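Asks: Take a look at the letters that make up each chain.
Protein chains: 2
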Amino acid sequence: MRDVAIVGIGQTPVGELWEKSLRHLGHDAVVAAMRDAGIETADALFVGNMLSGELSGQEHLATLIADFVGLRGIEAAKIEAACASGAAAVRVGMMAVASGLADVVIAAGVEKMTDTLPDETTAGLALAADQEYEVAEGATFLALNAMLMQRYMHEHGVSKRAFAPFPVNAHNNARGNPNAMFPMAISVDKYEKAATVAPPINVLDSSPICDGAAAVVLVPYDRAREYGAGKGVVRIAASASATDTLAVHDRRDPLFLEAAYLSSQRAFAQAGVSRDEIDLFELHDAFSIMSVLALEACGFAPRGRGVELGESGAITLHGRLPITTMGGLKARGHPVGATGVYQVVEVVQQLRGEAGPNQVANARVGMAQNIGGSGATIVTHILVGED
Amino acid sequence: MRDVAIVGIGQTPVGELWEKSLRHLGHDAVVAAMRDAGIETADALFVGNMLSGELSGQEHLATLIADFVGLRGIEAAKIEAACASGAAAVRVGMMAVASGLADVVIAAGVEKMTDTLPDETTAGLALAADQEYEVAEGATFLALNAMLMQRYMHEHGVSKRAFAPFPVNAHNNARGNPNAMFPMAISVDKYEKAATVAPPINVLDSSPICDGAAAVVLVPYDRAREYGAGKGVVRIAASASATDTLAVHDRRDPLFLEAAYLSSQRAFAQAGVSRDEIDLFELHDAFSIMSVLALEACGFAPRGRGVELGESGAITLHGRLPITTMGGLKARGHPVGATGVYQVVEVVQQLRGEAGPNQVANARVGMAQNIGGSGATIVTHILVGED
Numbered sequence: 010m011r012d013v014a015i016v017g018i019g020q021t022p023v024g025e026l027w028e029k030s031l032r033h034l035g036h037d038a039v040v041a042a043m044r045d046a047g048i049e050t051a052d053a054l055f056v057g058n059m060l061s062g063e064l065s066g067q068e069h070l071a072t073l074i075a076d077f078v079g080l081r082g083i084e085a086a087k088i089e090a091a092c093a094s095g096a097a098a099v100r101v102g103m104m105a106v107a108s109g110l111a112d113v114v115i116a117a118g119v120e121k122m123t124d125t126l127p128d129e130t131t132a133g134l135a136l137a138a139d140q141e142y143e144v145a146e147g148a149t150f151l152a153l154n155a156m157l158m159q160r161y162m163h164e165h166g167v168s169k170r171a172f173a174p175f176p177v178n179a180h181n182n183a184r185g186n187p188n189a190m191f192p193m194a195i196s197v198d199k200y201e202k203a204a205t206v207a208p209p210i211n212v213l214d215s216s217p218i219c220d221g222a223a224a225v226v227l228v229p230y231d232r233a234r235e236y237g238a239g240k241g242v243v244r245i246a247a248s249a250s251a252t253d254t255l256a257v258h259d260r261r262d263p264l265f266l267e268a269a270y271l272s273s274q275r276a277f278a279q280a281g282v283s284r285d286e287i288d289l290f291e292l293h294d295a296f297s298i299m300s301v302l303a304l305e306a307c308g309f310a311p312r313g314r315g316v317e318l319g320e321s322g323a324i325t326l327h328g329r330l331p332i333t334t335m336g337g338l339k340a341r342g343h344p345v346g347a348t349g350v351y352q353v354v355e356v357v358q359q360l361r362g363e364a365g366p367n368q369v370a371n372a373r374v375g376m377a378q379n380i381g382g383s384g385a386t387i388v389t390h391i392l393v394g395e396d
Numbered sequence: 010m011r012d013v014a015i016v017g018i019g020q021t022p023v024g025e026l027w028e029k030s031l032r033h034l035g036h037d038a039v040v041a042a043m044r045d046a047g048i049e050t051a052d053a054l055f056v057g058n059m060l061s062g063e064l065s066g067q068e069h070l071a072t073l074i075a076d077f078v079g080l081r082g083i084e085a086a087k088i089e090a091a092c093a094s095g096a097a098a099v100r101v102g103m104m105a106v107a108s109g110l111a112d113v114v115i116a117a118g119v120e121k122m123t124d125t126l127p128d129e130t131t132a133g134l135a136l137a138a139d140q141e142y143e144v145a146e147g148a149t150f151l152a153l154n155a156m157l158m159q160r161y162m163h164e165h166g167v168s169k170r171a172f173a174p175f176p177v178n179a180h181n182n183a184r185g186n187p188n189a190m191f192p193m194a195i196s197v198d199k200y201e202k203a204a205t206v207a208p209p210i211n212v213l214d215s216s217p218i219c220d221g222a223a224a225v226v227l228v229p230y231d232r233a234r235e236y237g238a239g240k241g242v243v244r245i246a247a248s249a250s251a252t253d254t255l256a257v258h259d260r261r262d263p264l265f266l267e268a269a270y271l272s273s274q275r276a277f278a279q280a281g282v283s284r285d286e287i288d289l290f291e292l293h294d295a296f297s298i299m300s301v302l303a304l305e306a307c308g309f310a311p312r313g314r315g316v317e318l319g320e321s322g323a324i325t326l327h328g329r330l331p332i333t334t335m336g337g338l339k340a341r342g343h344p345v346g347a348t349g350v351y352q353v354v355e356v357v358q359q360l361r362g363e364a365g366p367n368q369v370a371n372a373r374v375g376m377a378q379n380i381g382g383s384g385a386t387i388v389t390h391i392l393v394g395e396d
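Taken in order, these protein sequences are the chains called X and S.
Each step along the first sequence adds one to the number in the numbering used here, with nothing skipped, and position 346 is 355.
Each step along the second sequence adds one to the number in the numbering used here, with nothing skipped, and position 343 is 352.
Check before you lean on any hint, since a few could be wrong.
Chain copies aren't distinguished; within one or between two, either way the pair holds.
Pairs of lysine to any residue residues, derived as SDA-like cross-links and limited to a Cα-Cα distance of at most 20 Å, are as follows [claimed, not checked]:
| id | residue 1 | residue 2 |
| --- | --- | --- |
| 1 | Lys29 | Tyr142 |
| 2 | Lys29 | Ala41 |
| 3 | Lys29 | Ala145 |
| 4 | Lys29 | Glu141 |
| 5 | Lys29 | Asp124 |
| 6 | Lys202 | Gly328 |
| 7 | Lys29 | Thr125 |
| 8 | Lys29 | Pro187 |
Keep in mind that the hints were calculated from the coordinates and are not lab data.
Since we're looking at a predicted model, the values are computed, not measured.
Here chain X stands alone, though its shape is the one from the complex (with noise of 0.2 Å):
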C-alpha cells in the first residue's frame, strides 16, 4: 500500500448560500483546492454528499462536478453514508490513491439544503435513519437526540448545564474562522436561556442546517513534495470505518457510539499513536450530546465523565484535547456530506500553522471524526503534520 498525504485544501463559506447552486458550490471548493496544490487536472473525483437528488433533484453529481468544473473525462462517483459521506468520500480518494489505481485525486464534499423548506429538509435529514423503524414512528434526528441526551443526564446524574462549554467552545472558536456560518460568541447563560427545541435539547445544542462545500487533493506520499508549493505535507496516517445499527433502539447501549470505538482503534493502531498524542480532535457535534458520546467512545473520558473535558476547559484552542477548532458543525455549520471534509481541511489547516487566530500550538497530529446517522457510520482519519 502507498501512503498517501493531502497536498491541497480548499472550502465555501458555510452559511445560506441562495446565490449558489449545488454544482457551484462543488466548483468553488474544488478549484480552491487546486490551486492550493498547483495542479490543473486529476485522475478522479469522488463527492461526499447526502441530499443532492432528495432536495435539488440532481443524482450523478460528481459527474456533474467534474464537468463543470472542467475535468471531463476523469473518474468521478458520488460517495453517500449520510452525513458521514464527506469522511466516506476523503476515504474512497484515499484507498484510490493508495492502490495506484489513481495517482491525484480530488474528494470534495458538497451540500446545499437551504433552497428547500425547512420541513423539506428536514425530512430529508430523517432519510439517514431507519426509513421502517425510526421514521415512520415520527423520530426525526433532532428527536433521536435528544432522547440520547435525556437518557445521558438521567443515567450519568449530569446536568443541563454541564454541556454548555461545547457549544460555548465552538461558538468562540468559529470567531477565528472567516468561513464559520455563525461567528459570535455565545455565553453560558445564553446557552442556558436558549429555546428549547425538543427537550432537553435548545437551540444552542444543534448545528444548522446550511450550505458548503469543501475539497483536498490527495497524493502518493512520496511525491507529495511536488506539489503545493512548500506548504507542508499532511500524511493520512489512519484512515477507519465502521458501522453500528442503523436505528438507535436496536444497539446494545445507546449511549455507547460502538462505531466510534471501533473506527477510533482501528485509526490508532493504524497511526501506531496513542490517544495523548492527539494534537486536536476535530469531532462531529451535530448535536451536543454527540460531543460527548464521541469523546468517551475514542476514550478521551471515561463513560459519564465526556462532560468533564467541558467543565476543565480541556477542549477549548489551549486546552489539553483542543477539539472544534474552527467553531465545529456547531458554529462552523453542517452542510451535512460536507462536513467531513471540512474536517479533514481544518486538521490540515492547523498541521500547516495556516489556523490563524485559531491556531494550536506545536499542532503535528490531528484526528478528524465525521459520523452519520446516531451514530451508525463512523469515519475517523489521523493526520500528521511534516515540514
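Take the given structure of chain X and dock chain S to it, following the hints.
Replies: Chain S only, in chain X's frame:
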C-alpha cells in the same frame, strides 16, 4: 497494488418484486454471494444504488444493509454514479482490496423501482441527467436516447430494422437465465410491430423498470483459492472509469461515447489484452442505440457500422463477440444501481463455466461495461477466468 479476485457471486431474480423491500433485496444478494464464497463475515460492504432516497425514502443504505445482513460493525458506504452505480461500487471495492485497506469486501448493487408510480420512477431516473439544462426542458432519458437513435439513423443511413438483432438476441439469451425478467423469445416481426414509446424507440428497444440486487465478494488474488470451494478463480484484470459531459448537448459528438472509448482503452491497456481477445461482452443495452454506440466507441466496429455486428450474428452466443449473454438490460432487466453488478456476476458465471444453456464456449476473458446517464459515466471491467 495487490491483484484482486472475485470469489463469490449472488443475485436475486429481476422483476416486479413487490414482496421484497429494498433491504430484503440487498440481503438476499449479499447472503447468496457470501455463501458462494464460503465466508461468514467481511471487512466492508459497498452498495451501488441510485434511487433509494428518491423512491424508498432511505439513504444511508449500505449501513442499513450491512446491519440487516448481520454484518454490524464493518465499513459501509453507498456509491452513486446513476445507472453506473453498480460497477462503480465494484470498482471501489476493488480499490479497498487492492490498497490493502481491506481483505474481504462485498460489492453489491440494489435497486427498488416498482413500489412507486411509473411517472415517479421516470422522474427519479431523470435525476441522472442535468437537472438545470436537460430535465428542466422536459428531457427524460427516453427522449435523449430517442434523439440519439434518430440522429444515428440519419447520419449513417441506417434503418430502424437494423437494430432488431439486439433485443432479439437479448430476449433469446434471457430464456436460459432463471433470474431474467423477460425470458421469452421475440421475432424481428414482433420488434417491427412493437408500440412506439418515443419515436424511433419502441417498447422492445427499451429496458424495463424493475427491482433486483446482485453482489460479488472480492479478495486478494493470491489468497483467492482459500475461498469459493474450488469454483475457479476470476481475476479482475482491469477496472477503469471515465466521464463525459452530463448533458448530451454539450458533447463534441453526441454519437460518440467518449467515456466508453476512454474507459475501454484504459481497460485494454491495464489488462494487457486486445479487443480480439474478449470472449464475451456484457454491455449496457438500456436502449438498443446504446448497444450500438458502445460497440463502436470500444472499437468493436467502425463508426456507423455497429449495427452490422447484429445483422451478422456476431453478437449471439455462438458468434464472434457474444453480448448480453444472460439477457442484458433489455431482457434480464435493468434495476439501475444493481445492473453493473449483475453484469459482473454474469461474466463470472461465464468464466466459471456456470452459464448453463447460455455458456459461451471456452470463455476465458470477459468484459463488462456499465453506463450512467446517456454516456456520462462509463465503467469498464475486464475479468479473466482461471482454473
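Asks: Checked against the structure, which of the hints given earlier come out wrong?
Replies: 6
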